[in-house]
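Residue numbers for the sequence shown follow the working numbering, beginning at 2 and rising by one.
These aren't lab readings, by the way, just hints derived from the structure by calculation.
Just so you know, nobody snuck in bad clues.
Pairs of lysine to any residue residues, derived as SDA-like cross-links and limited to a Cα-Cα distance of at most 25 Å, are as follows:
#1 K71 <-> V93
#2 K88 <-> A103
#3 K71 <-> G30
#4 K71 <-> L33
#5 K71 <-> K88
#6 K71 <-> D102
#7 K88 <-> G104
#8 K71 <-> R23
#9 K88 <-> A17
#10 K88 <-> F7
#11 K71 <-> N83
#12 K88 <-> R78
#13 K88 <-> P66
#14 K71 <-> I39
#15 K88 <-> A10
#16 K71 <-> A43
#17 K71 <-> L90
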Amino acid sequence: MTPDPFAAAAPALFAAFADRERIVYTQGGVVLPPISAIRIDADAGDLLGSTPAAVSYEIRAADLPAPPSKRDHFTHRGRRWNVEERKALEDVAGWRVFVVDAGPVA
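All chains should be modelled from the sequences, with the hints used to inform the complete structure.
Next comes the structure, spelled out in structure tokens:
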């Protein structure tokens with residue numbers, strides 16, 4: 002069996018593109034230790050098949066105890082982000098979470 006070069010490179014690629022400031026994720030009412038994530042600003046049509054602009058974050062599945070849900074939120078760069086939708090990224094063992102800006106962190 003031939004090893005998948007992308008799978009082997011995925012951790013290095015994630016590290017290269019992850020925002021230097023970690024996110025502080027809250028899941029099930031529990032604040033998790035800060036984790037790395039890749040912020041993506043893109044046209045949602047490219048990602049979900051709809052048209053408005055979207056902000057999403059790529060998060061490694063191993064960094065969350067459970068799949069993301071609409072009850073989850075996190076803070077990043079002084080703002081709170083509510084999870085609106087999720088997409089499994091099986092090829093890189095991660096999640097893409099689409100978020101809504103819930104305003105500045107108090």
